[in-house]
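Novice: Note that the working numbering has the sequence shown beginning at 1, numbered continuously upward.
Hints in this document: simulated from the structure, not taken from any laboratory.
Keep in mind the model is a prediction, meaning the values are calculated, not measured.
Watch out, some of these pointers could steer you wrong.
Below, simulated PhoX-like cross-link-like pairs (lysine-lysine); rule was C-alpha separation at most 25 Å, straight line [to be verified]:
id : residue 1 : residue 2
1  : LYS62     : LYS152
2  : LYS42     : LYS77
3  : LYS198    : LYS213
4  : LYS213    : LYS123
5  : LYS123    : LYS106
6  : LYS42     : LYS62
7  : LYS198    : LYS152
8  : LYS123    : LYS152
9  : LYS232    : LYS198
10 : LYS350    : LYS42
11 : LYS42     : LYS289
12 : LYS213    : LYS152
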Amino acid sequence: MPFSSEGLTEGTGLALSGGGFRATLFHCGSLWRLTELGLLQKLDRVSSVSGGSITAGQLGLKWTRLAEAGFTLEALKREVIDPLRAFCRRNLDIPAVVEGVLLPFKSIADVIAAAYADGLFGKATLQDLPDAPRFIFNTTNLATGVDFRFSKPYAGDYRIGLIRAPRFRLAQAVAASSAFPPFLSPVVLEPEPASFEKVEGADLYDDVSFRTKVTLTDGGVYDNLGLETVWKRLRTLLVSDAGTPIEYAGVQGRDWPRQGIRVIYILMHQAWAQRTRLLVQLYKAGERKGAYWGIGTPISRYQVPGALAVSAEVTDRLAKVRTRLNPFNDSEQCCLINWGYAICDGAIRKYGQPALTVPASWPYPAYALDGPAPAAVTTTETTDLVPSELGLQL
Numbered sequence: 001m002p003f004s005s006e007g008l009t010e011g012t013g014l015a016l017s018g019g020g021f022r023a024t025l026f027h028c029g030s031l032w033r034l035t036e037l038g039l040l041q042k043l044d045r046v047s048s049v050s051g052g053s054i055t056a057g058q059l060g061l062k063w064t065r066l067a068e069a070g071f072t073l074e075a076l077k078r079e080v081i082d083p084l085r086a087f088c089r090r091n092l093d094i095p096a097v098v099e100g101v102l103l104p105f106k107s108i109a110d111v112i113a114a115a116y117a118d119g120l121f122g123k124a125t126l127q128d129l130p131d132a133p134r135f136i137f138n139t140t141n142l143a144t145g146v147d148f149r150f151s152k153p154y155a156g157d158y159r160i161g162l163i164r165a166p167r168f169r170l171a172q173a174v175a176a177s178s179a180f181p182p183f184l185s186p187v188v189l190e191p192e193p194a195s196f197e198k199v200e201g202a203d204l205y206d207d208v209s210f211r212t213k214v215t216l217t218d219g220g221v222y223d224n225l226g227l228e229t230v231w232k233r234l235r236t237l238l239v240s241d242a243g244t245p246i247e248y249a250g251v252q253g254r255d256w257p258r259q260g261i262r263v264i265y266i267l268m269h270q271a272w273a274q275r276t277r278l279l280v281q282l283y284k285a286g287e288r289k290g291a292y293w294g295i296g297t298p299i300s301r302y303q304v305p306g307a308l309a310v311s312a313e314v315t316d317r318l319a320k321v322r323t324r325l326n327p328f329n330d331s332e333q334c335c336l337i338n339w340g341y342a343i344c345d346g347a348i349r350k351y352g353q354p355a356l357t358v359p360a361s362w363p364y365p366a367y368a369l370d371g372p373a374p375a376a377v378t379t380t381e382t383t384d385l386v387p388s389e390l391g392l393q394l
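Work the whole structure out from these sequences, hints included.
Specialist: Right, here's the structure in full:
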């Protein structure tokens, strides 16, 4: 068995993968369908990385308002989806690199965090998140090589200890989670070393240098699905995956920068593949319940009544949309949200609760995906390599 079931609770966790603004928008579609199905308010944990953390940050910050409104679809659109759509029209990555390189005393990560604060999170801190569900923003600690987590109860990793009730800004946590190497990375924290509490297994705690300066990069380097913080604690796992399939090409650049970037992609793909295979094993063994849906998963696989029809051509095109933090136009945004909505619906009703109602229409009917592939969607040259078993919760 991959994991022991001892210590598991019967709660439900939602994992939101990385993938730039593409992931942010795809996950909006997933949240839309989960809200319609009455499942959003039943979540116990939301774990995210990279572009998924942008979505999770807005969801967590507005959770109380959603609850007060009864988790209506209108409230979700007003408080979460519409602000995220407005933010995804911004041009962040290249301007941040230029500004961070040219301006003294300001890093690229500082510029990104400032943009998150200006466009979404303001001065909110981790303490402005709800107590339940628990929102966890995953990053990778370059010094310890493990997952450094930001949440309302604590921040830290198991090797250096934890900061209880941390006051880090939400924008800073999301920036660290989405600090894709090498261009948007790293985020450097300089906390008070004494603020860390030594916990069991903290083998590096006694070396104060690990607590004096904490250097963080994208959470996807360690776990691009954000699975670890949910699959070891909760029995029901819902996984929304907008990650990039690896690109195959016969000729690769021989210069050092392109080689370095290629190595990063290969390593992240291998980590993704290992975790998705283990997730499928957990499902098949009956150790976990729930459903996985991926941006490259053919919707025809689910064969549920009333599923929204999406051709293989459209699926392939949307799976290749760029993962930049640059402006996404209305067509790109609406198509990605529609796709996240449709594939989430298929997976949930196939492997979760098949008796749930069928979708009445597309979130954005003017951008329905049941016709020809939307020409306005800008893609990158990649190949859909989602393993054939993924999406199957047997």
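Novice: All hints are to be evaluated individually against the structure, with a verdict given for each.
Specialist: Hint check results:
Between LYS62 and LYS152, the direct Cα distance comes to roughly 15 Å. Compliance with the 25 Å bound is thereby established for this hinted pair. Under the criterion of a C-alpha separation no larger than 25 Å, the hint pairing LYS42 with LYS77 is consistent with the structure, at around 18 Å. The hinted pair formed by LYS198 and LYS213 meets the criterion: a straight-line CA distance of about 16 Å does not exceed 25 Å. About 23 Å separates the Cα atoms of LYS213 and LYS123, which keeps this hinted pair within 25 Å; it holds.
A threshold of 25 Å between alpha carbons decides the hint, and for LYS123 with LYS106 the separation of about 19 Å falls inside it, so the pair holds. About 16 Å separates the Cα atoms of LYS42 and LYS62, which keeps this hinted pair within 25 Å; it holds. At most 25 Å may separate the alpha-carbon atoms for a hinted pair to count; LYS198 and LYS152 meet this at roughly 18 Å. Under the criterion of a C-alpha separation no larger than 25 Å, the hint pairing LYS123 with LYS152 is consistent with the structure, at around 15 Å.
Proximity of LYS232 to LYS198 is assessed by CA-CA distance (about 22 Å); at most 25 Å being required, the pair is judged to hold. With a C-alpha separation of about 19 Å, the suggested pair LYS350 and LYS42 falls inside the 25 Å cut-off, and the hint holds. Proposed proximity of LYS42 and LYS289 is supported: the alpha carbons are some 15 Å apart, at most 25 Å. Distance check on the hinted pair: LYS213 and LYS152 sit about 21 Å apart at the alpha-carbon level, within 25 Å; holds.
When held up to the earlier numbered hints, the structure conflicts with none and fits them all.
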